[in-house]
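Peer 1: Given only the sequences and the hints, what does the whole structure look like? Please build it.
The listed protein sequences correspond, in order, to chains B and A.
Counting from 1, one number per residue, gives the positions in the first sequence under my numbering.
Counting from 1, one number per residue, gives the positions in the second sequence under my numbering.
None of these hints come from the bench; they were simulated from the model.
Keep in mind that a hint or two might mislead.
Just some of the chain B residues that point at chain A, by a computed CB distance under 10 Å [to be verified]: (1) Lys-53; (2) Lys-102; (3) Arg-105.
In this text the structure is predicted, and so the values were computed from the model without any measurement.
Where is the CB? At the ideal position from N, CA and C, for every residue including glycine.
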Amino acid sequence: MNVLLVDDEDQLVSTLAERLELRGIHASWVTNGEDAILMVKAREFDVAVLDVKLPKIGGIELKRRLAAIRPNLKFLFMTGHGSEEDFEAGSREAGKDNYLVKPVRIEELIQHLQNLVQAEKKE
Amino acid sequence: MQRFKPKFWDHQDAAAGPFRAMFNFRSIWLQSVLLTAAVALVPLLFLAILDYQVSRKAVESEILNRTARLVSNTRRSIAFFLEERKFALQFIGLDNSAADLSNPERLQRILHNLRAGLGFWSDIGVIDLSGDQLAHAGPFGIANVNYADQPWFRETLDKGSHISDVFLGFRNAPHLVIAVKHAKENEPAFILRASLDIERFNDLLGQLEVSGQGDAFIVNRDAVLQTPSRYYGNVFERLPFALPPFSDKTQAVEMWDHQHRDVVVGYAYIPDTPFVLMVIKQKTELLSAWQRTRSRLMTFLGASILLILLVVFGVSTYLVNNLYLADRKRVMSLHQVEYANKLASIGRLAAGVAHEINNPLAIINEKAGLMKDLFIFRPEYGKDEKLLGMIDAIIASVDRCAAITRRLLNFARHVECNIQQVRLRNVIDDVLGFQTKEAEHRSIAIVVDIPEDLPDFVSDRGKLQQIFLNLINNAFAAMKEGGRLVVRARRLQDEPAIVVTVQDNGCGIGPADLQHIFEPFFTTKSREGGTGLGLSITYGLVQEIGGRISVESQVGKGTTFTIVLPLESCKPSGENHERSAGG
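Peer 2: Put into structure tokens, the structure is as follows:
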């Protein structure tokens with residue numbers, strides 16, 4: 001499973017990526033939307049985990065752009081869920097199940113990732 | 001008296017500050033009463049007074065006119081009566097010579113004819129210019145009398161005629177004398193003198209219908225009564241007050257008589273006679289009819305004034321009271337908005353803080369997680385149980401922090417929320433989450449008894465939070481250390497609603513306070529800065545989401561608030577946005 005993590009907190013994403021690697025999930029990470037687009041164009045990912053609040057290109061907007069590049073790409077949102085708008089937008093865009101509130105338990109994250117990928121396979 | 005005192009009477013709006021005068025309802029009421037009463041009463045009273053004076057003047061002048069008319073007519077009758085007799089004497093003098101008249105039989109016949117033709121003649125005499133009586137006819141035989149020294153004789157010689165005062169004379173009956181001088185060419189001059197009964201005057205005056213207990217009589221110019229008067233004495237008595245001044249016309253004046261009665265006096269000096277005709281009327285009698293009408297009008301005026309005042313008082317009180325109630329409502333909604341604002345601000349602050357903390361918390365979580373992972377997945381790190389335990393402690397603490405921030409976010413999110421599916425348990429937990437520390441601190445036991453199968457319901461979560469926050473805060477304020485708070489929920493059997501009770505075993509509320517407890521601005525904590533709005537706002541909120549709230553309390557035993565919430569709130573969501581927009 002190939003996962004792309006996008007969050008402006010590099011300390012968070014790098015650690016998260018390393019923990020996923022330890023569990024046998026290939027995780028790449030970037031800290032902004034432009035890099036994420038470049039990465040998605042360059043390589044194929046199963047799931048993109050996006051922070052709702054990102055500099056320049058917001059999480060919701062980024063999802064649309066990435067989906068345009070790779071229609072099969074699955075998305076998982078992750079947020080500090082500071083404001084009403086974040087919550088509303090995130091859960092509307094991704095559905096309640098694909099919306100995680102920080103801090104996230106690693107087991108929970110993996111569970112969500114696996115669910116997404118399996119759902120894709122069923123289809 | 002207390003019962004009639006309107007609600008606004010003792011109101012003092014300390015919060016109005018420099019605009020306090022605008023909210024002094026007592027002075028507004030007073031201004032309104034004075035202004036409307038003045039506008040209504042001043043023209044009314046002005047008209048009443050004006051009418052009183054004008055109509056009184058009219059009545060008085062009418063009285064004077066009527067009196068003058070009466071006097072004038074009577075004067076004419078009397079003057080005519082005397083003139084007639086004077087002319088008769090003149091005719092007799094022209095028709096007969098002195099010699100003819102000196103014949104007693106002739107004179108007797110003339111007297112007889114006069115009595116038959118004109119009436120009221122008593123006797124008649126012929127006198128020569130030296131004053132000797134030549135002949136006399138009449139009931140009393142008067143002979144050989146000389147009148148030369150009498151004033152009337154000299155006056156007759158000078159002026160040609162004379163009319164005397166009334167006097168008794170030999171017959172002891174009031175009468176008067178008319179004397180006429182005759183001087184024809186070639187004949188000796190002589191004077192005809194006749195006396196007249198004055199019954200005719202009495203008849204004439206007696207026939208007058210003098211209104212107002214009137215009195216009509218004749219006096220001479222020395223104010224001696226010539227005919228009897230009803231009030232001012234008998235014939236030959238002197239009038240008890242001074243004669244009004246001479247005037248050649250009929251006069252009517254007002255004056256005070258000797259008994260200080262207000263009278264109207266009409267009088268006329270009858271020309272060529274010593275007589276003054278007087279008609280005296282009692283003014284109070286004359287005015288009495290007008291005064292009766294007046295007193296009826298005054299009664300009507302009094303009743304009108306009373307009615308106007310009643311209406312003015314009533315309307316002013318009603319309006320100012322409504323003004324007062326509207327103002328109270330305004331203040332109340334201001335407070336309500338302020339309260340909602342405060343809650344929303346707290347919510348936003350909490351959300352901001354929680355969000356900021358969540359990111360570093362996530363990093364701690366991941367770093368600690370990675371450390372744990374490394375210990376588990378990488379054999380070179382070895383499984384140091386002590387370090388693993390410390391990492392677990394870090395992760396557990398992060399979890400606790402996360403729970404707190406999540407609760408803050410949850411709470412803040414719902415402050416501004418509107419109608420949605422609500423799980424009561426979550427709402428209560430959210431609210432109680434803020435109180436657990438205080439509860440532990442004061443060793444207050446919190447029991448939440450909400451059955452798992454209690455259905456979710458559609459309502460405004462923000463309002464529910466405010467409602468329960470208020471009730472639970474109140475309960476905490478009422479309880480001492482070691483208290484017990486019970487929140488219990490049940491589904492109602494007979495209606496689609498759930499009933500929630502918030503019960504404490506605190507100090508309780510006295511029955512006197514209990515009936516006012518949901519009223520705005522009712523507070524027992526005014527010294528501690530209570531606005532008295534908490535429960536009234538709670539009441540309002542419960543109403544807004546279609547529920548109802550009631551309270552039971554016993555002093556010393558505790559208080560139970562019961563809220564019934566419908567499973568389907570029928571309020572449209574639009575209305576709820578007002579609150580969130582303000583907040």
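Peer 1: Give a verdict on every hint.
Peer 2: Hint-by-hint comparison with the structure:
Annotation: interface hint on Lys-53 (chain B) holds; nearest CB of chain A at approximately 9 Å, less than 10 Å. Restraint check, Lys-102 (chain B) versus chain A: the minimum CB separation of about 4 Å is within 10 Å; hint holds. A cut of 10 Å between beta carbons decides the hint on Arg-105 (chain B): the least distance to chain A is about 8 Å, and the hint holds.
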